[in-house]
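Undergrad: Each chain, written out:
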Amino acid sequence: MNSQNFQAKTMLSKRIIPCLDIKNGRTVKGVHFQDLKDAGDPVALAAQYAEQGADELVFLDITATEDARETMASLVLEVSKAIDIPFTVGGGIRSVSDVEKLLKNGADKISINSSAVRNPALIDELAQAFGSQCVVVAIDAKQINSLWKVHLVGGKVPTELDLFEWAQEAADRGAGELLFTSMDHDGSKQGYALESLAHLSEQLHIPIIASGGAGVPKHFLDAFTLGKADAVLAASVFHFGEIPIPNLKMYLATQGIAIRK
Amino acid sequence: MNLVIIDYGAGNIQSIIHAFDRLGVRAHLSKKASEISTADRVIFPGVGAAGSAMSQLKETGLDLLIPQLKQPVLGICLGMQLMCRHSAENNTDGLGIFDVDVVEFDKTQLKVPQMGWNSLFDLKAPLFQHLPQDPYVYMVHSFYAPLCDQTAAVATYGTNYSAALHRDNFWGTQFHPEKSSRVGAQILQQFLSLTT
Numbered sequence: 152m153n154s155q156n157f158q159a160k161t162m163l164s165k166r167i168i169p170c171l172d173i174k175n176g177r178t179v180k181g182v183h184f185q186d187l188k189d190a191g192d193p194v195a196l197a198a199q200y201a202e203q204g205a206d207e208l209v210f211l212d213i214t215a216t217e218d219a220r221e222t223m224a225s226l227v228l229e230v231s232k233a234i235d236i237p238f239t240v241g242g243g244i245r246s247v248s249d250v251e252k253l254l255k256n257g258a259d260k261i262s263i264n265s266s267a268v269r270n271p272a273l274i275d276e277l278a279q280a281f282g283s284q285c286v287v288v289a290i291d292a293k294q295i296n297s298l299w300k301v302h303l304v305g306g307k308v309p310t311e312l313d314l315f316e317w318a319q320e321a322a323d324r325g326a327g328e329l330l331f332t333s334m335d336h337d338g339s340k341q342g343y344a345l346e347s348l349a350h351l352s353e354q355l356h357i358p359i360i361a362s363g364g365a366g367v368p369k370h371f372l373d374a375f376t377l378g379k380a381d382a383v384l385a386a387s388v389f390h391f392g393e394i395p396i397p398n399l400k401m402y403l404a405t406q407g408i409a410i411r412k
Numbered sequence: 005m006n007l008v009i010i011d012y013g014a015g016n017i018q019s020i021i022h023a024f025d026r027l028g029v030r031a032h033l034s035k036k037a038s039e040i041s042t043a044d045r046v047i048f049p050g051v052g053a054a055g056s057a058m059s060q061l062k063e064t065g066l067d068l069l070i071p072q073l074k075q076p077v078l079g080i081c082l083g084m085q086l087m088c089r090h091s092a093e094n095n096t097d098g099l100g101i102f103d104v105d106v107v108e109f110d111k112t113q114l115k116v117p118q119m120g121w122n123s124l125f126d127l128k129a130p131l132f133q134h135l136p137q138d139p140y141v142y143m144v145h146s147f148y149a150p151l152c153d154q155t156a157a158v159a160t161y162g163t164n165y166s167a168a169l170h171r172d173n174f175w176g177t178q179f180h181p182e183k184s185s186r187v188g189a190q191i192l193q194q195f196l197s198l199t200t
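Residue numbers (the numbering used here), protein chains in the order written: chain A, 152 to 412; chain B, 5 to 200.
Chain B extracted, bound-state conformation (with noise of 0.2 Å):
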């Protein structure tokens, strides 16, 4: 299994790398068009703000690269967000991949972040299968895309929204799988196991 984390810039995918290893599978860290293409499975993941994330892929080109990818590909928290057509985060367009727009939770209700353990429902297959009863996972975000056609797990803070997103070869996950104990690594290890 040929597993490539996107690296554009600096950011916390240490946690992934070791979530991975613990599956057995060592994930391999690369910013190479022609190495991110070639890999049987992608993780896209999520890096500081929307603006500057989306700058850094426009530099490198991997803007035009990511939503030309045929393999399955994954991205986290930021990096799903960033797969949608665009966010309210510094006013970034996205790569357009979801179409949805992602915008900020209502802070005058809520508290923001969205900080710890909320639970998935509605969830779709092959991704979110035979999970137990009330999968909890860790979330972290202030900013979310509502639901929509994509939509592949809800969550509810407020009101109720994609906790998870697909299209084609392309998942999104809002939450860590990475940081959500058994449940999280029992999605990682069917996102190794997809068959597109």
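With the rest of the complex left out, here is chain A (with noise of 0.2 Å):
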């Protein structure tokens, strides 16, 4: 498959999407945003992104504890009522009732990462009950001795599964989309990892979504020339106001990306 193609008969734009961490219901990690009331209140946060021209948002529950996946569900219910744009939810989901809870409250989309490499059945179950467009899988990778190994439970636990390998599982059993996230890259503000973005974006053929490492307008454009990424993910940049995303997107539709405008 030569994905130049994909370049070539589409006018599919590229998408950018903000990363939101929540903990009991509350955004974390500090987000910056001076015409924000209450940054920590993801309705009004998410509400922002959107109106600034996000392609999606991203929705990850750090805690995922039982109660925090109450909180979750009635946090995505308000998200929807706020926001005309998709957006994904990710974090402790094991099963498919999780799911269906979160998709009945407007989810567009769910992530799984640690469930999937656990119960790999998962992602058939899910893209069986709710189709595989709305099942995305997170894999967090780290290089080790030249070979990309898969961790678990935010990174903490590795494991010997090979990122290509497992990213093709995921794909086969009916995936929607691959969340790749360097860790080597997460928060260095150095750039994606493009080679293996590329990689996996030749091998498989579904969306890839492209995170960790963004710190200049630069690494987005490199992420999807070099690294022919569909979309990517970042947090910090935007949170901080770091770069705003209507900046971002008039600079890389200068550059030739296909970008909403």
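Simulated from the structure, these hints should not be mistaken for lab results.
Some hints could be false.
Looking from chain B toward chain A, a few residues come up when the C-beta cut is under 7 Å (computed) [claimed, not checked]:
#1 M119
#2 S123
#3 A129
For glycine and all other residues, C-beta sits at the position ideal for the given N, C-alpha and C.
Once you've looked at the hints, go ahead and assemble the two chains, each given alone in its own frame, into the complex.
TA: Next up, the structure:
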């Protein structure tokens, strides 16, 4: 498969996706928006990003306890009332019934990570029940002796799984999208893991979301061109207002990237 | 405005309800023929795969009711596909409102599903009038309706295809207006304003 073909015959735009970490119903990691009264309110922040032109949002529940899941479900309902762009919810999802509630409350997609590795059949079950289009498989991986190894539980637990093999299995089982975070690049602000991104994008026939490493607008451009990513996810550069989304989109458009204005 | 969303099984219709709420219209979910027939506007949403969705419509007799509706009807995503003659998804016969057969994207050439924002062109009034230049809308689908006489908007993914269809009082969008930001809201507003 030649991924250049994907570019040539479609006007499908590349997506910019801010990621919000949620703990007990509040955004964490700190958000510095001058015009937000309450930077911890995920609904206000989501509305702000939608207004600025974000193409999608991802909400990651980093508590993921039983209580937090209930909080998350009601948060999803509030977000869905407030915004008119698609959003994905991840964190602590283990079953079809977990997903049912989130989708019913208005989430468009769900993201699974550790639970998919521990129980790969969950991907098949979710794809069967709700369709591949709402199943995002997230993979955190790190290079060890030049091999990309999958890590679980927010990167804390290493496995022997190879990134590319696991990604292939996830796609074969019915994942509709792959969210790849390079732990080596995450937080570095030195750019995305371009080589492995391009590898994934050429290997799989599902969209790839790049995550981890954005520092300057050029990094987003590289993720799309050299990394052949379909979408890019970032957190801090957006939350701290370092890269305003309208400016980023204008920059990418002038560089010839198909971007929704 | 009495707006009814056809309820034919589990599915994500919350976003559609919220989108109309933002326009100041409360949508009402119903599977009752009497309520659907007498509504001012009807939304036919998409749920899961074509085969199981069509069986659910048949079980409830909605497959016979929908083509008879006289008020403006909007099929969204799979809803639009089921309004076509046939779908390659589960080899399913549709409602035959639109004279076109739904086929699958070429997986050897394209990433499938198509997922994300694509722009529309060759737009047909009145549903798609006065939109901004290169209106981007949110698409998530693996199957599509080729171009035909009833094409009401075109998008390109590997090939030019029907991003929307129109016949008489029936409209269908392959994209999700309820998730398509301002452009989507404008289309839904124009659907509410249709005079047909």
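Undergrad: If a hint holds in the structure, say so; if it does not, say that too.
TA: Verification of the supplied hints:
This hint holds: M119/B has a C-beta 5 Å from the nearest C-beta of chain A, less than the 7 Å allowed. Given the 7 Å rule on beta carbons, the hint for S123/B holds: about 5 Å separates it from the nearest Cβ of chain A. Restraint check, A129/B versus chain A: the minimum CB separation of about 22 Å is more than 7 Å; hint violated.
Going through the hint list in order, the structure does not satisfy hint 3, though it satisfies all others.
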